[in-house]
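S.K.: Each chain, written out:
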Amino acid sequence: MAVALAVVQLRDLFSAAMLFAIYSLISAALFVVLDAGDVALTEAAVGAGISTILILAVLTLAPRYEKRIERVNWPALGVVIVTGACLVWAVSDLPNFGAPDNPIHTHVGSYYTENAYREMGVPNMVAAVLASYRSFDTFGEVLVIFTAGLAVFSLLSVRPGKRKAKPESRPGNER
Amino acid sequence: MHLLGHYNYYVVVVLMMIGFYSVIARGNMIKKIIGLNLFQTSVFIMIISAGKVIGGSTPIYEKGVELYSNPLPHVLILTAIVVGVATTAVGLALTVRIREAYGSIEDDDLIEDDGEDADGHEAGQ
Amino acid sequence: MRENGILRIVTRFLIPLIMLFALYVQFHGEYSPGGGFQAGVIFAAGWILFVLIYGLEAGLSVVPERAMFVLSAAGALLYALIGLLGVVLGGRFLEFYPLLDNPQAAQQAGIILVELGVGVTVASVVMLIFTMFARRRGDLGQAWHPEEND
Numbered sequence: 001m002a003v004a005l006a007v008v009q010l011r012d013l014f015s016a017a018m019l020f021a022i023y024s025l026i027s028a029a030l031f032v033v034l035d036a037g038d039v040a041l042t043e044a045a046v047g048a049g050i051s052t053i054l055i056l057a058v059l060t061l062a063p064r065y066e067k068r069i070e071r072v073n074w075p076a077l078g079v080v081i082v083t084g085a086c087l088v089w090a091v092s093d094l095p096n097f098g099a100p101d102n103p104i105h106t107h108v109g110s111y112y113t114e115n116a117y118r119e120m121g122v123p124n125m126v127a128a129v130l131a132s133y134r135s136f137d138t139f140g141e142v143l144v145i146f147t148a149g150l151a152v153f154s155l156l157s158v159r160p161g162k163r164k165a166k167p168e169s170r171p172g173n174e175r
Numbered sequence: 001m002h003l004l005g006h007y008n009y010y011v012v013v014v015l016m017m018i019g020f021y022s023v024i025a026r027g028n029m030i031k032k033i034i035g036l037n038l039f040q041t042s043v044f045i046m047i048i049s050a051g052k053v054i055g056g057s058t059p060i061y062e063k064g065v066e067l068y069s070n071p072l073p074h075v076l077i078l079t080a081i082v083v084g085v086a087t088t089a090v091g092l093a094l095t096v097r098i099r100e101a102y103g104s105i106e107d108d109d110l111i112e113d114d115g116e117d118a119d120g121h122e123a124g125q
Numbered sequence: 001m002r003e004n005g006i007l008r009i010v011t012r013f014l015i016p017l018i019m020l021f022a023l024y025v026q027f028h029g030e031y032s033p034g035g036g037f038q039a040g041v042i043f044a045a046g047w048i049l050f051v052l053i054y055g056l057e058a059g060l061s062v063v064p065e066r067a068m069f070v071l072s073a074a075g076a077l078l079y080a081l082i083g084l085l086g087v088v089l090g091g092r093f094l095e096f097y098p099l100l101d102n103p104q105a106a107q108q109a110g111i112i113l114v115e116l117g118v119g120v121t122v123a124s125v126v127m128l129i130f131t132m133f134a135r136r137r138g139d140l141g142q143a144w145h146p147e148e149n150d
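Protein chains in written order, with our numbering: chain A, 1 to 175; chain B, 1 to 125; chain C, 1 to 150.
Rather than coming from a laboratory, the hints here were simulated on the basis of the structure. Heads up, some of the hints might be wrong.
In the EDC-like style, the derived pairs of lysine to aspartate or glutamate whose C-alpha atoms are separated by at most 20 Å in a straight line are [what the hints assert, rightly or not]:
1) K63/B x E114/A
2) K63/B x E65/C
3) K32/B x E100/B
4) K63/B x D137/A
Heads up, incomplete: computed chain A residues facing chain B, CB under 8 Å, no partners named [stated by the list, open to error]:
5) L13
6) S15
7) A16
8) S27
9) T113
10) N115
11) R134
12) A148
Only part of the chain C face toward chain A is listed, based on derived beta-carbon distances under 7 Å [said to hold, decoys possible]:
13) N4
14) T11
15) L23
16) Y24
17) F27
18) G29
19) P33
20) G35
21) I42
22) Y79
23) G90
24) R92
25) E115
26) V118
27) V122
28) V125
Keep in mind the model is a prediction, meaning the values are calculated, not measured. Glycine is no exception: its CB is placed at the ideal position from the N, C-alpha and C atoms.
One chain only, chain A, in its complex shape (with noise of 0.2 Å):
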């Protein structure tokens, strides 16, 4: 929580990437804590990873300080505290942490942990649930990785254009 808040208050954006990172590292050992394998190793390659990869490549393209906040946002803050309130009042109705009768354990999630290894003899139940009981959500998924590739793709191809301010910079789009 406290590195949380140090990202949201630094104005240093450089520092606030490599807390941004740490954050992710600890949410992945949080995650391992929390039984979740593959979702730790996921989020620990992917956020302290890619995420603050691509996050230091667009600081080298941007100024690295943010501008100074000199009072705080009292409306965000509102906004804020408001949905917080509501939030905490929805978390009364969910039932105990870890409980093994939940809701959330009976129904779908007990025949994938009974069944999964006599159907399929594959002893990881994620992987097994990812690729052959949901196939069609990782379809999915994969189109949109593909997706935003091709986004990122269509945005950045275009050569830096023109500054009109200065007036010995080459002009946009040669290719």
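Starting from the known structure of chain A, arrange chains B and C on it as the hints suggest.
M.R.: Relative to the frame of chain A, chains B and C by itself:
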């Protein structure tokens, strides 16, 4: 007990609100994107912790282990993490383009720019 | 960073290990935590490390940009083709059991192939995104000078 049973959910709500505040209250675009990622990661923590069974083990089949944690939230969050990085990449590409077109990535400077020609504007703060 | 001796030697040792680990995670996704996404991201991270040390041109000579385009589409296509193969052989889309005789072996074969497609696409897309950002930096360095900080 009720309060202690939900302790981790309260922590997640606090984290979520911190990320939410960063998205709406900070003008710098990179800070917004970082805040969005904070928000997403805290939501992942919440769903994974909802799927944990106390006394269970990782959902990988082993002989002799009876109780497993629920694999379904893990599957959903795996997809969500990768979608999150896709969103971050596209958002950062947009930030780069905005930076080049307007010279600044702060919200206040961009709002001032809207009245003028974007190309003729000198570099903002 | 090419001149820094420590970085060069350490990465020369580490990058093959990272790529090997990515392949291990990819193919052991059925027995231990892992699978397509993790393997793709780790492989791309290894390549990014190479680019950070040796420069973008050296990285692009190892994996050309053309290959990144082709591989990212090929991974998604492989996924769709496995699904259509299920339809051709008598089941529904993305059903694995018509592929082979033994249902368990069919599921395992289907899962391995599908995860392979996922891993290839994720790795090539992440490498492509990084290349786009890194090349932007190189282009901009010639067009105009970066601004002064606050």
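S.K.: Measuring from the C-beta of V122/C to each C-beta in chain A, is the shortest one below 7 Å?
M.R.: holds, 6 Å
S.K.: Under 8 Å is the threshold here; is the Cβ of T113/A close enough to any Cβ of chain B for the hint to stand?
M.R.: holds, 5 Å
S.K.: Let's test the interface hint: is any C-beta of chain B closer than 8 Å to that of N115/A?
M.R.: Hint on N115/A: violated, closest Cβ of chain B at ~11 Å, above 8 Å.
S.K.: Go through the hint on V125/C and say holds or violated, using the shortest Cβ distance to chain A against 7 Å.
M.R.: holds, 4 Å
S.K.: So, L13/A near chain B? Judge it on the closest CB pair being under 8 Å.
M.R.: holds, 6 Å
S.K.: Return the status of the interface hint for A16/A: holds when the least beta-carbon distance to chain B is below 8 Å, violated otherwise.
M.R.: holds, 6 Å
S.K.: So, as I understand it, the hint says L23/C touches chain A; can you test that by seeing if any CB pair is closer than 7 Å?
M.R.: Violated, because the Cβ-Cβ distance from L23/C to chain A comes to roughly 14 Å (cut-off 7 Å).
S.K.: Min Cβ distance, G35/C to chain A: is it shorter than 7 Å?
M.R.: holds, 5 Å
S.K.: Taking 7 Å as the limit, does the beta-carbon of G29/C come near enough to a beta-carbon in chain A?
M.R.: It holds, given that the least Cβ distance between G29/C and chain A is near 5 Å, below 7 Å.
S.K.: Double-check R134/A for me: the hint is only fine if its C-beta lies closer than 8 Å to a C-beta in chain B.
M.R.: With a minimum Cβ separation of about 6 Å from chain B (threshold 8 Å), the hint on R134/A holds.
S.K.: Interface hint check: S15/A, Cβ to nearest Cβ on chain B, cutoff 8 Å. Holds or violated?
M.R.: violated, 11 Å
S.K.: Was the hint right that R92/C lines chain A, CB cutoff 7 Å?
M.R.: violated, 11 Å
Against the hints set out earlier in the document, violations occur for numbers 2, 4, 6, 10, 13, 14, 15, 16, 17, 23, 24.
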